[in-house]
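Chains as they are written, first to last, in the working numbering: chain X, 1 to 436; chain C, 1 to 436.
Hints in this document: simulated from the structure, not taken from any laboratory. Accuracy of the hints is not assured; some may be wrong.
A pair counts as met if it fits within one copy or between any two copies, since identical chains are not told apart.
Said to hold, decoys possible - Derived SDA-like pairs: lysine to any residue, alpha-carbon spacing no greater than 20 Å straight-line:
| # | residue 1 | residue 2 |
| --- | --- | --- |
| 1 | 120 | 397 |
| 2 | 415 | 267 |
| 3 | 387 | 119 |
| 4 | 370 | 431 |
| 5 | 51 | 135 |
| 6 | 123 | 431 |
| 7 | 48 | 135 |
| 8 | 225 | 273 |
| 9 | 120 | 44 |
| 10 | 191 | 34 |
| 11 | 370 | 59 |
| 12 | 52 | 68 |
| 13 | 172 | 260 |
| 14 | 123 | 44 |
| 15 | 12 | 127 |
| 16 | 91 | 76 |
Read off the chains here:
Protein chains: 2
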Amino acid sequence: MRLSRYFLPTLKETPAEAQIASHRLMLRAGMIRQGAAGIYSWLPLGLKVLKKIEQIVREEQDRAGAQEVLMPTIQSSDLWVESGRYDDYGKEMLRIEDRHGRQMLYGPTNEELITDIFRKEIKSYRDLPKNLYHIQWKFRDEIRPRFGVMRGREFLMKDAYSFDLTEEDGRKSYNSMFVAYLRTFARLGLKAIPMRADTGPIGGDLSHEFIVIADTGESEVFFDKAFDALDPMIDAGAGDDLQPIVDEWTSIYAATDEIHKPDNCPVDASKLVTGRGIEVGHIFFFGEKYSAPMGASVQGPDGETTNVQMGSYGVGVSRLVGAIIEACHDADGIVWPESVAPFKVGLMNLRAKDDECTAACDKMYAELTKAGVDVLYDDRDQSAGAKFANMDLIGLPWQLAIGPRGLKNGVVELKNRGSGERVELSPEDAVTKLTG
Amino acid sequence: MRLSRYFLPTLKETPAEAQIASHRLMLRAGMIRQGAAGIYSWLPLGLKVLKKIEQIVREEQDRAGAQEVLMPTIQSSDLWVESGRYDDYGKEMLRIEDRHGRQMLYGPTNEELITDIFRKEIKSYRDLPKNLYHIQWKFRDEIRPRFGVMRGREFLMKDAYSFDLTEEDGRKSYNSMFVAYLRTFARLGLKAIPMRADTGPIGGDLSHEFIVIADTGESEVFFDKAFDALDPMIDAGAGDDLQPIVDEWTSIYAATDEIHKPDNCPVDASKLVTGRGIEVGHIFFFGEKYSAPMGASVQGPDGETTNVQMGSYGVGVSRLVGAIIEACHDADGIVWPESVAPFKVGLMNLRAKDDECTAACDKMYAELTKAGVDVLYDDRDQSAGAKFANMDLIGLPWQLAIGPRGLKNGVVELKNRGSGERVELSPEDAVTKLTG
């Protein structure tokens, strides 16, 4: 993509309304713009990142055997009356009356709707287990939306729902999502730690939050550094017993500041890490909480009808864009992990008015594009300093600078945004390095 | 995907509420389920088709130089007051009051919001042309939603918005979308004809509808059979003049029954085709209709400030799922064009209790999957007749039946769903044919 054509309205100044790093940087890098309080439009650069995150989340859900569906944003209130949550949810639920005076709502979560789909279609234990997920916009009418996409009102969430015949099977489904989450966050370039959590309005008695460690995170967290020795990229097959893995991850101490008691901590001070964290996922096992009131039951092998055992599993997809930036930025801007970077390479023409330099840049752009490398090509007539600052701000993993001086010596400059390391090399070697 | 695990609740009976073929078949094939009037959940099979259509639409927008953004579903009413459409839109607009009493709405279209984004960020003619699109759920509170996804309330639409300095440039943007639409619908396996149209609540004086020809379409259409000689897969480059192509397509007679006058038709009866059609796209050029009241202007090369010239371009993405089925079905079920088929091949084990047959099927499934072919594998213990009927219903392009009798002779049976042609061939030849 040529920057001269790309819709990338970056800002030099920090917008006054942004209090945290990710909000500031998403505005400055031209990723989002606010439409109304807590409601954002995603501009091209932001949307590319959002979609890459969404795709990694999707792949790990699919890998775990969950099947993708798509429920609508607008629901009838009837199902929420049936589950008993219509009144519980309070003012965070956006309630809507349609033209015929029917009570509707913008779904803040989907336990009711998926349970309704399930109960109408699945009648036998033979069709279990099932895990259905969707990636859809949700709305929660926060009283004070703030921090950009970290605490917006309209937000993109992946929510999965598992259905099993027995509690034992339900826990297997829970474990499968637990492991999928570890893999998902690792692939996103994040260090995520599962922590035992309260279940709140979702319900149930088994629940974990996944907290991403980020220096500028929203809350203080405490954990045993033994987590460092664990590998989250668990390579388990379909039938494998995941309980030992989950036991290992959950046996190590980790707590948010709400739960952590300094005087009563089981971990020796020398092994305790104190940091800051951001919640990016939350999983629940709640058995019959919805299946019982809503009559979601199947016939078991013994012919008896049984309420199904359910769990639900959320990932804040749009929130993750902010969380990744909180975890991956420096004073100059964003430092994207390669798996979610909007482009792999930022190519800079340091002298757009020089025909030879421009020809060399055009050639490099064509070659990298042909080799399948996603390149943002700054072909504008601007100063080298402005271009470097802009590339640092938007945080692409590699910066490739081509100028007349280097070309005279047959070299271009390649910088790694993360390490800051710069090397001069021939254009051919640069292509090899970036396509290798 | 093994059918024994897949969430595919097909129905033998035709649901009473469905009046048209696509609605009946989408319910019977387990693609959608209704949540509330005109609001649907997409089950795995339906979502796969929806995503394939969405991706083809996206590719052709990108090819035409449009850039993808994503605007939210919920908007503030302020912008609509500013453009003057807030009162015009009537009861079809879903109006919402948030917890602070602010007037919000669920976007039925996005001219206002995109114009607001544009005016805040783009100030110079140097940043033009720009064409920004998004693929997002919309809501129109139809008084009588019906016909499934063909006339739903919550629906997925691709809407693009072009911004140009001059009317001449604006018409170039219009032409570029015109050609992109011809390519899009052709790639979806559809015959689509552009017809001059009224502009309705969007406004402007230049507009075309794209009508898909389908025997069971919603309205009667009349067109010159000269369209048959035109190739919609126009291979134009970025700077090419598209006016001659657009002129050619728009010079041939085509009209819906609202406009067509039998006594006053310019086409000779021998060359006039009468058929039925479904609107799937609508494009508009409306100049300053929004830029003037909302102050979306840029500085031109002469230093003067000018309101930008705008157009908008819609494709009904979820509606297309229904339109394709209306155009592509027979008495037994859906006949998917290969470009949007949810799976390429339906593999049937005709004797699931026979170990040898099952081993042969498992092997075929593994080989095709490894070769990158997307296979739905009916591994259930059901009668061959039920399996064939089910495959015909869901309409995958290829059916591959493996049974003990054929295996004795070293053959499997491959059926083309479209032509009905069946051939017996060796398993190896079947793999070659399906991967070739």
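Self-check item: List of violated hint numbers, smallest to largest
Solution: Violated hints (numbers, rising): 1, 2, 3, 6, 10 and 13; every other hint is consistent with the structure.
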